[in-house]
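Q: Here's the letter readout for the chains.
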Amino acid sequence: MSQHASPTHGNDADHPHGKPHQEMQEVGGISMAYFVVFALLLILLFATVDIAFRTLGPFGPVIAMAIATTKAVLVVLFFMHVKHASKLTWIFAGAGLLWLAILFGLTFGDYMTRSWNDAVPATTHEAQTSPFTGLPNQ
Amino acid sequence: MSSSSLSSTSAPKVPGDPGSADPGQAVHAHANPALAHHFDDLQQQHEAHTLGMWAFLATEIMFFGGLLVAFVVSTTMYPVAFDIAARQLDWQVGTMNTTVLLCSSLSMALAVHFARVANRKMTMLMLLLTVFLGTAFLGVKAYEYSTKWNHHLVPGASYNFEPWQHHPDEAETRLMTRAGVLTANGELNASALPAFQTRTQLFYGYYFTLTGLHAVHMIIGAGVILWLVFRVSKGQCLGDGSNFVEMTGLYWHFVDIVWIYLFPLLYLMDRSS
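Protein chains in written order, with the numbering used here: chain A, 1 to 138; chain B, 1 to 273.
All clues stand as given, with none of them false.
Listed next, with one range per pair, are the computed distances between beta-carbon atoms: (1) B:Gln44 <-> A:Gly94: 19 to 25 Å; (2) A:Asp110 <-> B:Ala171: 28 to 34 Å; (3) A:Thr107 <-> B:Leu125: 41 to 47 Å; (4) B:Leu213 <-> A:Thr69: 19 to 25 Å; (5) B:His151 <-> A:Val36: 36 to 42 Å; (6) B:Glu170 <-> A:Gly29: 53 to 59 Å; (7) A:Gly57 <-> B:Glu170: 14 to 20 Å.
Computed footprint of chain B on chain A; a stretch qualifies when at least three of its residues, placed anywhere within it, have a C-beta under 8 Å from a C-beta of chain B: (8) 36-50; (9) 56-69; (10) 82-92; (11) 100-109.
Simulated from the structure, these hints should not be mistaken for laboratory data.
By construction, the Cβ of each residue, glycine as well, lies at the ideal position given by its N, Cα and C atoms.
With the rest of the complex left out, here is chain A (with noise of 0.2 Å):
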């Protein structure tokens, strides 16, 4: 299971892949996916950074976090390993996503829906071109 120190050099450096699991693809010693997802993640941040700067209305933001959640998944999958990892690490990762989609949607399933029966009126001009228009002004 473990790899063999060799009998004739004790230091730790000259027994390469401790670990038992398995790797990625390596190209020059050092996978190479490292570099490509790096490569991505610089041209995703400067992808938000330009589309901040465009008249996207609505849109706007649902692409900024599109795209925040691209360059997450890729972290996960690549720099932290997920994408080879076992299958109860892939539970352990998506149980944190799942409770805070819970959040997130019990969240917003309550507070956009509120202005639906309007039986607060909207009290500055603000509060009505808010979505949340139910809620108490101040």
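Mind docking chain B on chain A? Use the hints.
A: What follows is chain B alone, placed relative to chain A:
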């Protein structure tokens, strides 16, 4: 550095390990100094370390998630006030800092790679590079905080946000008119000022809380990495024992992901004019 001096310092890698193995000899799996006695083999140990770290990161996701959901709700409630407050943040400095943080994630990933293949020098180099980039990020953050402090944008008694006094551009003027602070003919509307101050202050409350907690996470991460540099310099946490470097990497990348969301949410809300 001779191999004999290294092996003499790298003997017990795990506290509590019997330490009976001589690293100079071929070792059986159960006598491997990198393997804690309560695990069957290195693979099981690695799986346990990974799962434990992800369980911790799940709690961190919820920790930041609660703040983020509150911020997004407030943003949607007061879009105009939050928009004009967010425009005071320097998006160019923010973009540069995000680039620095992404670079630190790459160097951390490379540090984990070199620790796995037991390359002591490159592991140390990459860990120190990560700390350097993280410190640069925090330095820029401190500069941004001091700017906000000087502009009275820190929530509290001295908070005073008066963008109409600083030659607002066309977009800012339009936003202030929408917020009711300026009337249609450009006059200041005093009755709308208290609500405007409260709402923009709320934005800066979120800004300092979110970025401050992120910075605290980075300081903790940099401290752990410096401790790793010390361990690695003594030939520890390499090869079979590289799990410690890898788990620190998971934490560092997570903190990077938090910033990946904070940057567009805070700095780039809607810059179109």
